[in-house]
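Protein chains: 2
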Amino acid sequence: MPDTGLSPTPRTRHNRLREEGRTDRADLYAVLRAGLVAHLGVPAEPGVMVIPTVYGFDLENVYVHGSVASQSLAARAEYCLTITVVDGLVLARSVFEHSVNYRSAMIYAVPQVVTDAAEKLTGLRLVSEHLAPGQWDYVRQPSRKELAATRLLALPLAEASVKVRTGPPDDGGSEDAALGLWAGELPIDARWLKPVADPALPAGIMPPAHILDRAGNEVYRG
Amino acid sequence: MPDTGLSPTPRTRHNRLREEGRTDRADLYAVLRAGLVAHLGVPAEPGVMVIPTVYGFDLENVYVHGSVASQSLAARAEYCLTITVVDGLVLARSVFEHSVNYRSAMIYAVPQVVTDAAEKLTGLRLVSEHLAPGQWDYVRQPSRKELAATRLLALPLAEASVKVRTGPPDDGGSEDAALGLWAGELPIDARWLKPVADPALPAGIMPPAHILDRAGNEVYRG
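Those protein sequence lines, which keep their order, are chains A and B.
For the first sequence, my numbering assigns the number 3 to the initial residue and increments by one for each residue that follows.
For the second sequence, my numbering assigns the number 3 to the initial residue and increments by one for each residue that follows.
Treat the hints as calculated values from the structure; they're not laboratory data.
Misleading hints may appear alongside valid ones.
[Said to hold, decoys possible] In silico DSS-like pairs for lysine-lysine, Cα to Cα no more than 30 Å straight-line:
| # | chain 1 | residue 1 | chain 2 | residue 2 |
| --- | --- | --- | --- | --- |
| 1 | A | 165 | B | 196 |
| 2 | A | 147 | B | 165 |
| 3 | A | 165 | B | 122 |
| 4 | A | 196 | B | 165 |
| 5 | A | 165 | B | 147 |
| 6 | A | 196 | B | 196 |
| 7 | B | 122 | B | 147 |
| 8 | A | 147 | A | 122 |
| 9 | A | 122 | B | 165 |
My request is simple: use the sequences and hints to build the entire structure.
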């Protein structure tokens, strides 16, 4: 996909204070890389469903498993997929100025059911590699039957809203600064722990390097 | 609220494999305690919006800031608020059996705009205390003007779907076990780091104990 910006539409225009809206595709990819799971908003009758889901992506699409999103697919309804990475709390001098440092992307798209077997394999591999790089080639890959039993949705990366908040609270120059209260950030650190072997595993099978090397690394890589 | 179960409706009935559906209110509260931010699904025209948001709760309601959810409030449309805590990856012997260990709650409700000033203060305090216990009493509390400028939504905790997955992959007894591959869990550890002072802060102001003591503790307390 060409290095175009993200289409600005009324809902993706940024109009809230203290948040920085981003409009480059590179910013969208950075949030997609940094996130671990996404939340998929599915129109339902009545209302909506918000379903946590794993995902993968390339330059043109984000892929999610589609097992729970049946009715509205036929209607070609528009979904919203949101990825959020929380980096920490923003602790201000007043309740009102408290905030959260985060990176988020909201992607709007009509999902397409991936039917082509080759594209499905490619999409599933993207999901797998996003979660655990190296696993796809290490483990047994999908059989024809398993592939048929898996529904994969593609959401085109055409319309998205990317927001990022970083840094200290905004009331350092306000009259509340005279209160003499501590203010700042309380960051979050999310890391992979050491792998835990399946109790069913025979003795002597070591985790592969791509898993073992991950322990201690940041979960959010963005 | 009485210690009733969560109303089982077609959409909150659990019908997926390898996940355990929970039906006690206590399980819902445990996920609400464990989560940090929620994803609010808002019916929109067209489609839906999924908005990351902070939240707080008591036994009867979950409270969220309502600044971005205008149009559909008037229509008394039903929202979905989802809280997800990801505990780790489930690494199986085949791509197909890979999974995620997680705890999630999907709450369905028609949000009510909180207009009563006392209830609004109580709700905002619940949000604040959920994120950073102790901050509400440490910092300057909302002025009348700030309170008026804050929209708070209450979602009754009446209909919800709680799902939890824990433990190793499910293919330990399958024929894939003969492949001799490593399988197990790769857990995630999310902790608060040391607080970072606002550069605007004069020298000599120390973080309060409720912030300082948090560093090194798990982010997900559930």
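Comparing the hints with the structure gives:
1. A:165 / B:196: Holds, at roughly 25 Å.
2. A:147 / B:165: Holds, at about 27 Å.
3. A:165 / B:122: Given pair residue 165 of chain A, residue 122 of chain B holds - Cα atoms ~27 Å apart, limit 30 Å.
4. A:196 / B:165: It holds: about 25 Å lies between the C-alpha atoms, which stays within 30 Å.
5. A:165 / B:147: Roughly 27 Å separates the two Cα atoms, so the pair holds.
6. A:196 / B:196: Judged against 30 Å, a Cα distance of about 23 Å means the pair holds.
7. B:122 / B:147: Holds: residue 122 of chain B and residue 147 of chain B sit about 13 Å apart, inside 30 Å.
8. A:147 / A:122: With a Cα-Cα distance of about 13 Å, the restraint between residue 147 of chain A and residue 122 of chain A holds, given a limit of 30 Å.
9. A:122 / B:165: Holds. Residue 122 of chain A to residue 165 of chain B sits at ~27 Å (cutoff 30 Å).
Hint check: no violations occur; every hint is consistent with the structure.
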